[in-house]
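With the hints as extra help, turn the sequences into a complete structure.
There are 2 protein chains.
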Amino acid sequence: MRYLAVIIYDGSNFYGFQRLKNKRSVQQELEKVLSILAKKDVAVKGAGRTDAGVHAKGQAIHFDLDIPVTPSKLKYVMNRMLPEDIRVLEIKEVDNKFHARLRATGKWYRYVIKISEFDPFYAKYTYQIDDELDIKLMEKASKKLIGKHDFHNFTAGYRDDYEGNIFKIEIKKEEDKIIFDFYGKGFYRYMVRNLIGTLLMIGKKKWNESILEELLNKDIDKTVPTVPACGLYLMKVYYQD
Amino acid sequence: MRYLAVIIYDGSNFYGFQRLKNKRSVQQELEKVLSILAKKDVAVKGAGRTDAGVHAKGQAIHFDLDIPVTPSKLKYVMNRMLPEDIRVLEIKEVDNKFHARLRATGKWYRYVIKISEFDPFYAKYTYQIDDELDIKLMEKASKKLIGKHDFHNFTAGYRDDYEGNIFKIEIKKEEDKIIFDFYGKGFYRYMVRNLIGTLLMIGKKKWNESILEELLNKDIDKTVPTVPACGLYLMKVYYQD
Numbered sequence: 075m076r077y078l079a080v081i082i083y084d085g086s087n088f089y090g091f092q093r094l095k096n097k098r099s100v101q102q103e104l105e106k107v108l109s110i111l112a113k114k115d116v117a118v119k120g121a122g123r124t125d126a127g128v129h130a131k132g133q134a135i136h137f138d139l140d141i142p143v144t145p146s147k148l149k150y151v152m153n154r155m156l157p158e159d160i161r162v163l164e165i166k167e168v169d170n171k172f173h174a175r176l177r178a179t180g181k182w183y184r185y186v187i188k189i190s191e192f193d194p195f196y197a198k199y200t201y202q203i204d205d206e207l208d209i210k211l212m213e214k215a216s217k218k219l220i221g222k223h224d225f226h227n228f229t230a231g232y233r234d235d236y237e238g239n240i241f242k243i244e245i246k247k248e249e250d251k252i253i254f255d256f257y258g259k260g261f262y263r264y265m266v267r268n269l270i271g272t273l274l275m276i277g278k279k280k281w282n283e284s285i286l287e288e289l290l291n292k293d294i295d296k297t298v299p300t301v302p303a304c305g306l307y308l309m310k311v312y313y314q315d
Numbered sequence: 075m076r077y078l079a080v081i082i083y084d085g086s087n088f089y090g091f092q093r094l095k096n097k098r099s100v101q102q103e104l105e106k107v108l109s110i111l112a113k114k115d116v117a118v119k120g121a122g123r124t125d126a127g128v129h130a131k132g133q134a135i136h137f138d139l140d141i142p143v144t145p146s147k148l149k150y151v152m153n154r155m156l157p158e159d160i161r162v163l164e165i166k167e168v169d170n171k172f173h174a175r176l177r178a179t180g181k182w183y184r185y186v187i188k189i190s191e192f193d194p195f196y197a198k199y200t201y202q203i204d205d206e207l208d209i210k211l212m213e214k215a216s217k218k219l220i221g222k223h224d225f226h227n228f229t230a231g232y233r234d235d236y237e238g239n240i241f242k243i244e245i246k247k248e249e250d251k252i253i254f255d256f257y258g259k260g261f262y263r264y265m266v267r268n269l270i271g272t273l274l275m276i277g278k279k280k281w282n283e284s285i286l287e288e289l290l291n292k293d294i295d296k297t298v299p300t301v302p303a304c305g306l307y308l309m310k311v312y313y314q315d
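Protein chains in written order, with our numbering: chain D, 75 to 315; chain F, 75 to 315.
Hints should not be assumed to be uniformly reliable.
All copies of an identical chain are treated as equivalent in the list; a pair is satisfied when it fits inside any one copy or across any two copies.
[Stated by the list, open to error] Keeping only pairs whose Cα atoms sit at most 30 Å apart, straight-line, the calculated DSBU-like set for lysine-lysine is:
no., residue 1, residue 2
1, 188, 106
2, 188, 147
3, 147, 114
4, 131, 188
5, 131, 246
6, 296, 188
7, 188, 246
8, 147, 280
9, 131, 251
10, 147, 278
11, 188, 310
12, 188, 251
13, 242, 280
14, 259, 149
15, 210, 246
16, 247, 188
17, 310, 251
18, 247, 149
19, 310, 149
20, 247, 131
21, 188, 149
22, 147, 251
23, 278, 149
24, 166, 188
25, 251, 149
26, 251, 222
Since the hints were derived computationally from the structure, they do not count as laboratory data.
Because the structure is a prediction, the values reported are computed rather than measured.
Okay, structure coming up:
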């Protein structure tokens, strides 16, 4: 039986989602629990990797498990066995061709900035700065990112193609926080953190929004600032139904 | 020159306030920074110890430092040098007989309980339970704790005298959290956590509030439950002026 699960994790003490030798990862903790239940190795596939320190409020995974258990009982048992920084929110049975990454139709990422004196209680959960940010300028610039673009200047890697599609960007202020919501498909490594880094340069009036035309140009190579992992949350993975 | 500083720390990654050999402590991190600035050993005295995992939003400390620096500059420099889980909120010069512990006229401790499905993002910052709690019953019982009492059943140790004085207890519900505020003088080790453990037994209707008369009786020895450190915050230390 194949299962789809929605999970939440505090990324502070993980070297990211993906299994790495001798490093603590979310995938490894999930596989450890499922392999105990199955009494054999169980592989977990995520909808996407998250880097070290990045959090998830709605990561999706799939795995195969052939033990007689209902989804709600399985959720209960996994949550009793998992470490305190990972929890399963939801489990359901899916067809045995379902694939958490390949079937995803989009993702929602959130980035949280806190503008105040540095607060230790938010150190791992927001990016704290004390700059003045012009939200209107960032919002106006963010419109240029909507749609299909070549995002090679916003990622790290050596692929031929970095086409992504951003459906929507929302920027809002809530008390001393500025929250950036990105909805789209085709997010590459560091892409959200580099897009935020670029928008911040615009919001601080160090860069003009016209820089975006250059950065989205397939034939121009430029480097942009990457904001820290701690402010980033994978909020939701979307599927057709 | 003697200084009083108010500090805040996320206790998650400390073995408590007090210096311990080969363990990370708040006191040691503060002394490390001040000793670099003074170019000699500087001792830091706290208004009280906090145990491993206990947080502070307003711990008070004093120390002597003889370098030409204003309090605001000293705060700035310390905050640049301290690790991200400790910050100085306030510094002022005090008379050279000032003592953070001996001069304190009282303290405010807060304990935060979260009643919901277990949330990894609150694992180190609240005590998460899913029991039904009768707040009215706990409030009524808490009145019996007000005033001077012998708290030997609420602490760990072998002193002759455990007299403490609780000025006020407030219990309030905020969304899915229950917040307990204790104001008083003479808090012993585990005392707040044991008082909360006792109030929870009453709130769950497992114990009747009449148990408090036994527990506050100098001649009766009884054991009470201790709630986890992660929900406890030292909010403020009070001084005469």
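Hint check results:
1. 188 <-> 106: between (36 Å within a copy, 28 Å between copies)
2. 188 <-> 147: between (39 Å within a copy, 24 Å between copies)
3. 147 <-> 114: Result: close within a single copy only, 19 Å intra versus 60 Å inter.
4. 131 <-> 188: both (19 Å within a copy, 18 Å between copies)
5. 131 <-> 246: Answer is both; intra-copy 19 Å and inter-copy 28 Å each pass.
6. 296 <-> 188: within (27 Å within a copy, 47 Å between copies)
7. 188 <-> 246: So residue 188 and residue 246 pass the 30 Å test inside a copy (12 Å) and across (27 Å) alike.
8. 147 <-> 280: For residue 147 and residue 280, only the inter-copy Cα distance (28 Å) is at most 30 Å; the intra-copy one is 54 Å.
9. 131 <-> 251: Close inside one copy (18 Å) and across copies (20 Å); limit 30 Å.
10. 147 <-> 278: between (50 Å within a copy, 26 Å between copies)
11. 188 <-> 310: both (22 Å within a copy, 24 Å between copies)
12. 188 <-> 251: Classified as both; 4 Å inside a copy, 23 Å across copies.
13. 242 <-> 280: within (24 Å within a copy, 52 Å between copies)
14. 259 <-> 149: Cα proximity of residue 259 and residue 149: one copy only (28 Å, versus 46 Å across).
15. 210 <-> 246: Within one copy, since 10 Å is at most 30 Å while 39 Å is not.
16. 247 <-> 188: For residue 247 and residue 188, the Cα distance is within 30 Å both inside one copy (10 Å) and across copies (26 Å).
17. 310 <-> 251: Close inside one copy (21 Å) and across copies (25 Å); limit 30 Å.
18. 247 <-> 149: The answer is between: 29 Å across copies meets 30 Å, while 35 Å in one copy does not.
19. 310 <-> 149: Intra 18 Å, inter 41 Å, cutoff 30 Å: intra-copy only.
20. 247 <-> 131: both (20 Å within a copy, 25 Å between copies)
21. 188 <-> 149: between (34 Å within a copy, 21 Å between copies)
22. 147 <-> 251: Classified as between; 27 Å across copies, 38 Å inside a copy.
23. 278 <-> 149: between (45 Å within a copy, 27 Å between copies)
24. 166 <-> 188: Classified as between; 27 Å across copies, 36 Å inside a copy.
25. 251 <-> 149: between (33 Å within a copy, 24 Å between copies)
26. 251 <-> 222: Within. Shortest intra-copy distance 29 Å satisfies the 30 Å Cα cut-off; inter-copy 44 Å does not.
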